[in-house]
Amino acid sequence: GAGVSQSPRYKVAKRGQDVALRCDPISGHVSLFWYQQALGQGPEFLTYFQNEAQLDKSGLPSDRFFAERPEGSVSTLKIQRTQQEDSAVYLCASSLGYKSGYLSYEQYFGPGTRLTVT
Amino acid sequence: AQSVTQLDSQVPVFEEAPVELRCNYSSSVSVYLFWYVQYPNQGLQLLLKYLSGSTLVESINGFEAEFNKSQTSFHLRKPSVHISDTAEYFCAVTPNRDDKIIFGKGTRLHILP
Numbered sequence: 001g002a003g004v005s006q007s008p009r010y011k012v013a014k015r016g017q018d019v020a021l022r023c024d025p026i027s028g029h030v031s032l033f034w035y036q037q038a039l040g041q042g043p044e045f046l047t048y049f050q051n052e053a054q055l056d057k058s059g060l061p062s063d064r065f066f067a068e069r070p071e072g073s074v075s076t077l078k079i080q081r082t083q084q085e086d087s088a089v090y091l092c093a094s095s096l097g098y099k100s101g102y103l104s105y106e107q108y109f110g111p112g113t114r115l116t117v118t
Numbered sequence: 001a002q003s004v005t006q007l008d009s010q011v012p013v014f015e016e017a018p019v020e021l022r023c024n025y026s027s028s029v030s031v032y033l034f035w036y037v038q039y040p041n042q043g044l045q046l047l048l049k050y051l052s053g054s055t056l057v058e059s060i061n062g063f064e065a066e067f068n069k070s071q072t073s074f075h076l077r078k079p080s081v082h083i084s085d086t087a088e089y090f091c092a093v094t095p096n097r098d099d100k101i102i103f104g105k106g107t108r109l110h111i112l113p
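Heads up: the protein sequence lines correspond to chains A and B, in order. Following this note's numbering from start to finish, the first sequence increments by one per residue and tops out at 118. Following this note's numbering from start to finish, the second sequence increments by one per residue and tops out at 113.
Treat each hint with caution, since some may be false.
Claimed, not checked - Cut-off 25 Å, straight-line C-alpha distance, at most; resulting in silico cross-link-like pairs (DSS-like, lysine-lysine):
{"no.": "1", "chain 1": "B", "residue 1": "Lys-49", "chain 2": "B", "residue 2": "Lys-105"}
{"no.": "2", "chain 1": "B", "residue 1": "Lys-105", "chain 2": "A", "residue 2": "Lys-11"}
{"no.": "3", "chain 1": "A", "residue 1": "Lys-57", "chain 2": "B", "residue 2": "Lys-69"}
{"no.": "4", "chain 1": "B", "residue 1": "Lys-49", "chain 2": "B", "residue 2": "Lys-78"}
{"no.": "5", "chain 1": "B", "residue 1": "Lys-105", "chain 2": "B", "residue 2": "Lys-78"}
{"no.": "6", "chain 1": "A", "residue 1": "Lys-14", "chain 2": "A", "residue 2": "Lys-78"}
Honestly, the hints are just simulated from the structure, not real lab data. Please read these numbers as outputs of a predicted model, since none were measured by experiment.
Kindly generate the complete structure, drawing on both the sequences and the hints.
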């Protein structure tokens, strides 16, 4: 079946521009996570949704970062007034989560969106 | 808070030789431990996990990792590497099963012919 997809795969933005990154999780997955991976580093947590509820946004680095998942499926990560330090690969992951009383926690990762801010 | 330390950023090893990728974690609570692999130009994939029970866990492609609570380590080993094992390997922890994952900085495994 289809895995997690992300679009665009590459994005070049001029400093100060707004960007929107899309994540299509695996169908039926309840939990959705966003991570940021800077060059030469491991992924770092940004935010977590359970269905449409954003349960944890403690990793968002500033109020320029905003994420939503209005219908509990597709999610968008928006970065306003991009800065050079925002350059990174943005990873989305989904897991089945709690469903029908059963917890399946394995996170499946998308290929990422590479954002370059010039 | 949890953290993960991968002691080697890069490990070169000859094909068919054994390899160990080191990982230490710190946590004041029980954690679940993972190794993820990222092949060139591909997304992150779960390689193996420790949740509870046997401290030695294995993957389908010959890797194994041993949870050592006293040393807070979860080192990854393979007795004989293949060129197809070339990838970046990330050790990771989470305090709860459906929760954010905290990753190490990664170790690049470079297989020499």
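Outcome of the hint check:
At most 25 Å may separate the alpha-carbon atoms for a hinted pair to count; B/Lys-49 and B/Lys-105 meet this at roughly 18 Å. Of the supplied pair hints, the one linking B/Lys-105 and A/Lys-11 holds, its CA atoms being roughly 24 Å apart against a limit of 25 Å. Under the criterion of a C-alpha separation no larger than 25 Å, the hint pairing A/Lys-57 with B/Lys-69 is inconsistent with the structure, at around 30 Å. A threshold of 25 Å between alpha carbons decides the hint, and for B/Lys-49 with B/Lys-78 the separation of about 15 Å falls inside it, so the pair holds.
Note on B/Lys-105 and B/Lys-78: the hinted pairing holds, with a Cα-Cα distance of about 20 Å set against a maximum of 25 Å. The straight-line distance between the Cα atoms of A/Lys-14 and A/Lys-78 is roughly 15 Å, inside the 25 Å bound, and the hint therefore holds.
The structure shown violates just one earlier hint, number 3.
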